[in-house]
Amino acid sequence: MVHTDNLVKHFRDAKGNTVKAVDGVSIDAKPGQIFGLLGVNGAGKRTTLRMLSTVLQPSSGTGAVAGFDIKKDSQQVRASIGFMSASTALYGRLTGMEVIRYFGELYGLSGQELEGRIDFVTEKLKLHDFKDRLCDKLSTGQKQRVSIARTILHDPPVLFFDEPTAGLDVVTCQAVLEFIEEAKTLGKTIIFSTHIMSEAERLCDQVAVIHGGVVCGSGTIEELKAKTGHQSFERAFLTLVGYKGGQI
Amino acid sequence: MKSAVGVVLKKELREMLRDKRVRTGAFVMPILIIVMLMGVLGFVVKQVKEPHNTKIYVVASSSPIIEELKKQKLTVITVATLDEGKALLKSGRARVVLEIQSTTAESLPVTQINAYVDPKEQQGQMAFGAVAGVVQAENKKSLQKLFEAKQVPAAAQEPIRLAKKDLQVGSEQNAGEILVSLLPYLIVIWAFYGGMNIAGDLVAGEKEKATLETLLITPAKRTDIVLGKFLALATICLASSFMSVVGLALVAIIKLPGTAELLGKGGGVTPVAAVFILILMIPTAALFASMLIAVSSYAKNAREAQTYMTSMSFLVVLPGIFSQFIGLTEFGTKLWINGIPILNTANNIRNALLGKTEFLPMLITVALSTVLAAIALTITVRLFQREQVLVRV
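Protein chains in written order, with the working numbering: chain R, 8 to 255; chain L, 127 to 519.
This is chain R alone, in the form it adopts within the complex (with noise of 0.2 angstroms):
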């Protein structure tokens, strides 16, 4: 359902520079696996999940999202994913509904079909005591909800979810994972990138550690461990990216 192959991104910067920021990530994810983007800050997690979502090309290397090419399909490939990220903002000045409608609306849905998501939504986020309120004032969990109202509003097929509990409450965070579970259980593909090794090992089927832009170890989380030669996963990730006392 998700599959790259060999997917390279290069940007240059200011000075003309060329930098490396994915340099040959090939990765398989399947319907009903959560798969897991493990990676430091930097490492090349989101940009590789940008060059999948088609908000950026890559400079070589090919891929499929939901049996769509990547670089050829990039409007059905859109189409069938829904990304969501601790980081994105919602319209402070729409209210929640307004938000989950203007996105509805983006993705296509109108009519009967777009008012039946919309109440499938509000039901299943319970989104109906703080609908009307505009984002602004919403709570961080609130915000989290009408965020996932969002993301899954078109049924997507395949979901992104980039470090999506960053800088959330310990309630809020466990709400947010509990639903990535519950995506799973529907046949969702989905996209898991991170780099909190709790969350790697209670949801990921399948990982790529990613370090430098490049993929320096794949397999489940207990291959990685038994590769690696430690009972820890966190040890086990910190060995695959080269950690040395204080350094990487």
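Some hints could be false.
[Claimed, not checked] Pairs of lysine to aspartate or glutamate, EDC-like flavour, derived with a Cα cap of 16 angstroms:
#: 1; chain 1: R; residue 1: 144; chain 2: R; residue 2: 105
#: 2; chain 1: L; residue 1: 335; chain 2: R; residue 2: 143
#: 3; chain 1: R; residue 1: 78; chain 2: L; residue 2: 513
[To be verified] Here are the simulated distance ranges between beta carbons:
#: 4; chain 1: R; residue 1: 133; chain 2: L; residue 2: 348; range: 32 to 38 angstroms
#: 5; chain 1: L; residue 1: 513; chain 2: R; residue 2: 31; range: 16 to 22 angstroms
#: 6; chain 1: L; residue 1: 513; chain 2: R; residue 2: 117; range: 26 to 32 angstroms
#: 7; chain 1: L; residue 1: 165; chain 2: R; residue 2: 26; range: 28 to 34 angstroms
#: 8; chain 1: R; residue 1: 117; chain 2: L; residue 2: 405; range: 48 to 54 angstroms
#: 9; chain 1: R; residue 1: 182; chain 2: L; residue 2: 165; range: 56 to 62 angstroms
#: 10; chain 1: L; residue 1: 447; chain 2: R; residue 2: 182; range: 55 to 61 angstroms
#: 11; chain 1: R; residue 1: 117; chain 2: L; residue 2: 348; range: 19 to 25 angstroms
#: 12; chain 1: L; residue 1: 433; chain 2: R; residue 2: 131; range: 40 to 46 angstroms
#: 13; chain 1: L; residue 1: 143; chain 2: R; residue 2: 133; range: 25 to 31 angstroms
#: 14; chain 1: R; residue 1: 127; chain 2: L; residue 2: 447; range: 39 to 45 angstroms
#: 15; chain 1: L; residue 1: 405; chain 2: R; residue 2: 118; range: 35 to 41 angstroms
#: 16; chain 1: R; residue 1: 238; chain 2: L; residue 2: 348; range: 44 to 50 angstroms
#: 17; chain 1: L; residue 1: 440; chain 2: R; residue 2: 26; range: 31 to 37 angstroms
Treat the hints as calculated values from the structure; they're not laboratory data. All residues carry an ideal CB built from backbone N, CA and C; glycine is no exception.
Fit chain L to the given chain R structure using the hints.
Below, chain L alone, put in the same frame as chain R:
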């Protein structure tokens, strides 16, 4: 999939109209400023036109000219000495001080009036003008008496006669002179400033808040997204520019003192002039909106966008300022003036307010503004298509 232009337009307008900065900066301020300006100008005009408010300081004298000054509703205040009068002049309390002396010239009695004024002081010049008018009238009267005694015919007394005849150009409902200088400038600059308040948020602000990424991940085409944003901003720019006209209507309704003459008999802007202004301002507002969105798309964040836009505003203000003085030159009547963006719009609005609407200059102006708006919009769409709209390394 159907176009997302309307969806984005509706959302942006809703968000903008809920923004206090837009309501204040684009709607309230243009109205408030024109009302305040008209109020101040009306007050000044009233002061200038009422001669009894002009105070003339005179060094103690029994000359009959003093009675003549009083008859012209000038307020005459006597001071004991010339030094006292000069001190009042220097302190700014007096505008003109007259020293009246009786003397003789060619064996005839002559009244010599020395008028002391500050050459840099406008009110002093006006007070001197009022005194000069009285003196001229008195001289004419005395000359007339002499001619009559000598039985010189009236035609010979004044062989060259000058009469000022006002010819009404356009409708007599057209705006007054001061308004004609001021209004085009205000209409044009508010189209820019009204949009500038919010343009930074439209793209650069969305980058900063990370809402742009979720927007670009939707299947909506980027061209549709940027067109929706552009149309919303152009609507605000146009509405903001028309707030000056709304403000004028308000001035006419509340009848601010002294503003009747400034507005003209039609309350400032005739319906025909309003239609011409609308035709001229639609492409100009589109030009400003596309320029502002281009900057917003290029900038990393709203603050950077605001910095660029502030610099860009001089491109609008300078031709706008020149448009206020174009009536003092011959340029306003030349066809080539319509080839200068922004100034051409202001000049054509000026002509519309004067009731001098010519088809060709307006056509050139509208065509040029439309072409420039299209170029700026194409650049904006290209900027928006680039990855750098989201990621600038």
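To see whether the hints hold, each was checked on the structure:
1. Distance hint between residue 144 (chain R) and residue 105 (chain R) is fulfilled; the C-alpha atoms sit about 14 angstroms from each other, no more than 16 angstroms.
2. Simply put, residue 335 (chain L) and residue 143 (chain R) have alpha-carbon atoms about 12 angstroms apart, close enough for the 16 angstroms limit, and the pair holds.
3. A hinted pair counts as satisfied when its Cα atoms are at most 16 angstroms apart, and residue 78 (chain R) with residue 513 (chain L) qualifies at roughly 14 angstroms.
4. Residue 133 (chain R) and residue 348 (chain L) have their C-beta atoms about 34 angstroms apart, which keeps the hinted 32 to 38 angstroms range intact.
5. For residue 513 (chain L) and residue 31 (chain R), the Cβ-Cβ distance of about 20 angstroms falls inside the hinted range of 16 to 22 angstroms, so the restraint holds.
6. Distance hint check for residue 513 (chain L) and residue 117 (chain R): the Cβ-Cβ separation is about 30 angstroms, which falls inside the suggested range of 26 to 32 angstroms.
7. Here the CB-CB span from residue 165 (chain L) to residue 26 (chain R) is close to 59 angstroms, at odds with the stated 28 to 34 angstroms.
8. Remark: the range hint 48 to 54 angstroms for residue 117 (chain R) to residue 405 (chain L) is contradicted by a beta-carbon distance near 35 angstroms.
9. Range check, residue 182 (chain R) to residue 165 (chain L): Cβ separation about 58 angstroms, and the 56 to 62 angstroms hint holds.
10. Checked against the given bound of 55 to 61 angstroms, the beta carbons of residue 447 (chain L) and residue 182 (chain R), roughly 58 angstroms apart, stay inside it.
11. Against the hinted window of 19 to 25 angstroms, the Cβ-Cβ separation of residue 117 (chain R) and residue 348 (chain L) comes to about 21 angstroms, which satisfies the hint.
12. Our hint of 40 to 46 angstroms for residue 433 (chain L) and residue 131 (chain R) holds, since their Cβ atoms are close to 44 angstroms apart.
13. Take residue 143 (chain L) and residue 133 (chain R): their Cβ atoms lie about 30 angstroms apart, and the range 25 to 31 angstroms holds.
14. Remark: the range hint 39 to 45 angstroms for residue 127 (chain R) to residue 447 (chain L) is contradicted by a beta-carbon distance near 58 angstroms.
15. Separation of residue 405 (chain L) from residue 118 (chain R) is about 38 angstroms and conforms to the stated range, judged on CB atoms against 35 to 41 angstroms.
16. Between residue 238 (chain R) and residue 348 (chain L) the Cβ separation comes to about 49 angstroms, which falls inside the hinted range of 44 to 50 angstroms.
17. Between residue 440 (chain L) and residue 26 (chain R) the beta carbon distance is about 36 angstroms. The supplied range of 31 to 37 angstroms therefore holds.
Taken one by one, the earlier hints fail for this structure at numbers 7, 8, 14, listed in ascending order.
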